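Chains as they are written, first to last, in the numbering used here: chain A, 1 to 362; chain B, 1 to 178; chain C, 1 to 119.
Rather than coming from a laboratory, the hints here were simulated on the basis of the structure.
Source: prediction; values computed, not measured.
A few of these clues could be false.
Computed list of lysine-lysine pairs in BS3-like fashion (alpha-carbon distance at most 27 angstroms, straight line) [claimed, not checked]:
id : chain 1 : residue 1 : chain 2 : residue 2
1  : A       : Lys288    : A       : Lys203
2  : A       : Lys338    : A       : Lys149
3  : A       : Lys55     : A       : Lys37
4  : A       : Lys203    : C       : Lys84
5  : C       : Lys111    : A       : Lys74
6  : C       : Lys33     : A       : Lys338
7  : C       : Lys112    : A       : Lys332
8  : A       : Lys70     : A       : Lys55
9  : A       : Lys149    : C       : Lys84
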Amino acid sequence: MLELLINPYIQTILKVIFLIFLVVLPSAALLTLMERKWSALIQDRRGPGRANIGKFTFLGIFHILADGMKLALKEDFYPAGTNRFLFTIAPYFGFFSAVTLFALLPITSPLGNFTFQIVDVNIGILMILAYMSFSIYGAVLAGWSTDNKYGMLGAVRASAQMISYEVFLGVSLLGLLVVYNSLRISDIVAGQNEYWFNGLIPKWGILTQPIGFLIFFTAILAEMKRAPFDAPEGESEIVAGFFIEYSGMRFALFFLAEYISLVGMAMLISTLFLGSYHFPWLLDAGFKLGSLPLVELPQWLVVFLRFITFGGKVLFCCWLIISIRWSLPRFKFDQIMKLGWNRLMPLGILNLIITILVTLLF
Amino acid sequence: MEASLLSNSLFWVLGSVAIIAASVAVLAPNPMYSGLSLMLIFFVLAAIYIWMKQEYFGAMQLLIYVGAIMVLFIFMIMLLNTRTDFEEINLNWRWGTAFLLSIGLMSVLIPAVVNFKGSLPVLGNYTENNIELIGASELFAEALWEKSILIVELMSILLLVGVLGAVVLTKKNYTDQI
Amino acid sequence: MVNNYFGYLVLVVVSLGMASSFTLIAVLLGPKKRSAVKDLPFETGMPYVPSAKSVNVKFYLVAMLFLIFDIEVAFLYPYALKVKEYGWTGFIAVSAFLLVLGIGIVYEWRKKILEWDKD
C-alpha cells in the first residue's frame, strides 16, 4: 500500500484528483455564488438566498445545487443549420485550457520530497501560455458552428481580442523572466522568497515588476473576456456573443470553464506576481524579520500556513477581478484594440528595456 | 523498464494519432475539420518532441504553431464566407498535381524508411546530456543570440515587412469597399 | 522527462472526460421537443434571414499582427534568461531587435488602422 503511494505516477493521479475535484471545482462553484452575492452588494440589493432544504438556506449555497439541477434538466437544444460535431466539441477547448492551467501552479511549499504541484517542467511559463491559447478555438468554433449572426460577431470579437492580449501577456512576462532568470515555475516561486535590505522587503513580482504586473493583470482580464473587456459577449449588443445558442449542460460547460479559469488566473497572478505561497518573512525554518532572531516552526506548520496564505491571495485576486467587473463599464471593441496595441504593447517593450537596463546596471 | 515500455508505446499512440489526423486533414470535406485536424497534428508533434526529450522544441511548437499559426488559419476559415462557399469549390483539377507531388515525396520517403536500420546517431548540440547539463532554453539562447545573431536581426526585418504588408493590404481593401 | 509530463496526460484525460460527461448528461436527461420555429437561430425576435457572413477586414489585420509579434516575442524568451551573461553586447543586439519591432508598432499606430471609427 505504502509502495503504491511512493510511485510517482500514482502520486500524480492523486494530486490531480485532490487539486481538481477538492480544490478547484468547489471553489469555482462557490465563486459563481460569490459573484452573484458580491454584485448584489455593490448594486445595493439582496443576492440569491431563497433556495432551501427545510428551513436551512446556508447563505444561498443551495442555489449552486439548484442551478446545476436546472441546467441538467434543460432541453438539449441546437438550432437548425448547426454543425453538431463542432457545436459539441467547442466548449471542450475552453474547459481543457482552463483545467490544464493548474498543472504548473504549486499550492504550497513541498513537504519533504512531496511537492504540491502536478508537473514542474523546465519551460513552465511557455506551457502556461501555450495551453491558454486553446480557449481561442473554443470561442471560434462555438460562434462558427451555429448559423447565428450574433454568435459569429461574438466569435470574431472574442478571437481577435484573445489573440491580441496573448501577445501582451507574453511581453509582460519577459520582464519577469529577466528578473527571476528562469522559465521554471518553482524557480520563480523560490526567487520571490528572497529579500532586499537584509531581509526586510520581499522580492515579490509586483515589487520587482510593477509595470509588468499592470500589463499582465489587464491582459488576464481581457483573456478571460471579463468586464471591462467583455465586448465579445456584450449582452446589450450581441446578446451573449459566441455561446448564444448554447443552453443546458452545454452552456454549463462554458459557465464552469469561465469560473475555473477565474480560479486559475487568480492562482497564476498570485504565483507569478504576489509571491506565490510565500508569506513575508516566513522562511522554510520559521519566521525571520530582518536581523531579528529566528522563530522556529515545524515544517508541517509552515506548509500549512503557506497553503492558507496562498488561498488568501487567490481569494483576494478573485475578489479584485469580480469587483472590477461590477464597477467598470464595458469598453468598446475598438477601444480594447487600441488600448492593447497602442498602449500596452509599447509599455511592455519599454518595461522590458528598463528591466534589462536595471539588471545590467545594478 | 516499465517506464520505457510506457514511453515506447506512447510514441506509437502519438504517431498513429498524427497519421489519422493527417488523413482527416486531407480528406475532410469541411475546411474547419481540416483546420482542426491540422491543429491536432501540431499538438501531437509537440508531444512527440517532448517524448524525444526536446521540451523547448515542444513548447515552441505549441506556442507558435498551435497557439498562433493555427489560430490564424482557423480565423481565416471563419472570416471567409464559409459554410456554403466551400462546397461549391471544384477541387478536381488539383488531384493530378497533388498526386504527382505525393509520388515524388513517397519516392524519397519510402526508401528512407525501408533502408533504415537500427538507430541514428544524435548529432549537434541538442543531445540529451547537453540539455540536462546546460538546459534547453540556454542552448537556444546560445544558438539564437550568439551564433546566428545576424539572422535573428534579419528575421526581425522580415517580420517588419510582414507587418507592413498586412497593413497595406487591409488598408487598401478597406477603402475599396467604401 | 516523460514522467514530468505524465500530469499533463492525466489532466487532459480528466478535463475531456468531465466535459464529455456533461454533454452526456445533456443528451440523456434533457427533453427533446423540437419544432420548426424553435429550431431557427436566435435573432432577438427578428425574422430569420439566412446568413450572409462577412467580417470586417480589420480582424484579419489583427490576426496578422498577432502572429508576427507572437513570433518576435518567442525570439526574446531565450535572451531574457541570459541578460546578465550577454551584458552590454547583448543589450545592443536586443535593442536593434526591439527597434525594428517598435517601427512596426509605430507604423501601425501612425496609420491609424486600429481606429475603427475614423475611416
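Comparing the hints with the structure gives:
Restraint check for Lys288 (chain A) and Lys203 (chain A): the C-alpha separation of about 15 angstroms stays at or below 27 angstroms, so the hint holds. Of the supplied pair hints, the one linking Lys338 (chain A) and Lys149 (chain A) holds, its CA atoms being roughly 25 angstroms apart against a limit of 27 angstroms. Distance restraint check for Lys55 (chain A) and Lys37 (chain A): the Cα-Cα separation of roughly 20 angstroms lies within the 27 angstroms cut-off, and the hinted pair is therefore satisfied. Of the supplied pair hints, the one linking Lys203 (chain A) and Lys84 (chain C) holds, its CA atoms being roughly 18 angstroms apart against a limit of 27 angstroms.
Among the hinted pairs, Lys111 (chain C) with Lys74 (chain A) is inconsistent with the structure: their alpha-carbon atoms are about 50 angstroms apart, more than 27 angstroms. Restraint check for Lys33 (chain C) and Lys338 (chain A): the C-alpha separation of about 46 angstroms exceeds 27 angstroms, so the hint is violated. This hinted pair checks out: Lys112 (chain C) and Lys332 (chain A) have alpha carbons roughly 17 angstroms apart, not beyond 27 angstroms. Between the alpha carbons of Lys70 (chain A) and Lys55 (chain A) the distance comes to roughly 21 angstroms, so the proposed pair stays at or under 27 angstroms and holds.
The suggested pairing of Lys149 (chain A) with Lys84 (chain C) is violated, with an alpha-carbon distance near 52 angstroms, which exceeds 27 angstroms.
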